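For the record, the sequence lines run as chains V and Y. Just so you know, we're using the numbering used here here: the first sequence kicks off at 1 and counts up by one. Just so you know, we're using the numbering used here here: the second sequence kicks off at 1 and counts up by one.
Please note that the accuracy of each hint is not assured.
What the hints assert, rightly or not - Straight-line alpha carbon distances no greater than 25 Å define the calculated DSS-like cross-link-like pairs of lysine-lysine that follow:
(1) V:Lys209 x V:Lys195
(2) V:Lys107 x V:Lys249
(3) V:Lys107 x V:Lys149
(4) Y:Lys8 x V:Lys107
(5) V:Lys195 x V:Lys149
(6) V:Lys107 x Y:Lys60
(7) V:Lys175 x V:Lys195
(8) Y:Lys63 x Y:Lys39
(9) Y:Lys38 x Y:Lys8
(10) V:Lys149 x Y:Lys39
(11) V:Lys58 x V:Lys235
(12) V:Lys249 x V:Lys113
(13) V:Lys149 x V:Lys175
(14) Y:Lys39 x Y:Lys8
(15) Y:Lys8 x V:Lys113
(16) V:Lys149 x Y:Lys8
(17) V:Lys149 x Y:Lys38
Just so you know, these hints were derived from the structure itself, not from any lab. From a predicted model like this one, the values you see are computed outputs, not experimental measurements.
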Amino acid sequence: MKGDGVLFHAKHAFMPNSLGYCGPDERGQIQRELEGNRSDDALVQTLQRFEAAYPFLKLIARSSGRDVFDYSVPEAYWIGNRLLDLVPVSDFYSFSHHEIKGRDPEKVREVFKQLDGVAPPHHTFYVMSTYATTAVPDGPNVSNEARRKIAEVVDNCRISWGTVREVGKDELQVKVRRVTVDDGGLSLTGPVVKKVRYNPEVRPFGTVKEGDVVSIHWNYACDVLTPRQTGNISKYTHSDISLINRLMKSGEGRK
Amino acid sequence: MCVTRAGKVVSASQGRARVEFFDGRALDDVDVSVVNAKKGAFVEVFGNLALSVLSPAEAKRRKEAWSEVAKAVGATRE
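For reference, chain V alone in the conformation it holds in the complex (with noise of 0.2 Å):
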């Protein structure tokens, strides 16, 4: 399961990493590994240089008891699962200030007072809580343009999924429903048809399907998720958006 999981996570982080956003500057590694279905030492070492991605699944592995690339850790951490409730919420709140460099501390114990203690360690969560966070100008005024790019940027970086209604060579086509912004705060709009890009030469990517469910990180089909982690994508990410737009209800958010 360690080697399942060191190839799920990769798969996850290869994107955004491929395009300079974040990790070390490996994606020619990352690929080739994806691609020759391999989670040798190398390509662990590559995802212990990723600057947050990698605390946060140590941050679950230490809260669960088990091993940092056992699956269930980065798929609890992409997708969502059980061991996000496992992790005490003081360990998250002192994680966020001690482990992921960076963030005003003043604003990480804003959050987790406006919260109540319930918020998850899950990825769309961090992702959505930096857009609730930080101070973009106009405030409440901000222009219907800079709302767009804000979701746009939100969506492509959360963990979204889809079902394939189409499959191209390196392009599918699938349903989606995309992050908007207003003044109600975020929400899902209704189902889309988009393209996203993907490696055949990725398992399990040769074989996949119309009707398949992918996860997709930044404009980049991941994986193929099970019926389980499909609910669970969805249930954890309606979750973090409630929990986000509480916060930003509370008057934390875009301060």
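Put chain Y on the given structure of chain V with help from the hints.
Chain Y alone, transformed into the frame defined by chain V:
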């Protein structure tokens, strides 16, 4: 995952900019139109979108924080 990164705008034109981050990396096509950042400004970037402009004091604090991260993960590029 995407992390928010702080850096300095070293060139800007028509809402797009090159930003050099405190972690030693850089991006050539950051959208700075939401914050209207100019050359020399310190910005906080999420993905490829600048979400806020930082004061010099806050930028200094972020730079120090990133130095700690770099040491911790062995990814120092300086």
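Run the structure past the numbered hints and jot down the numbers of the failing ones, going up. 15
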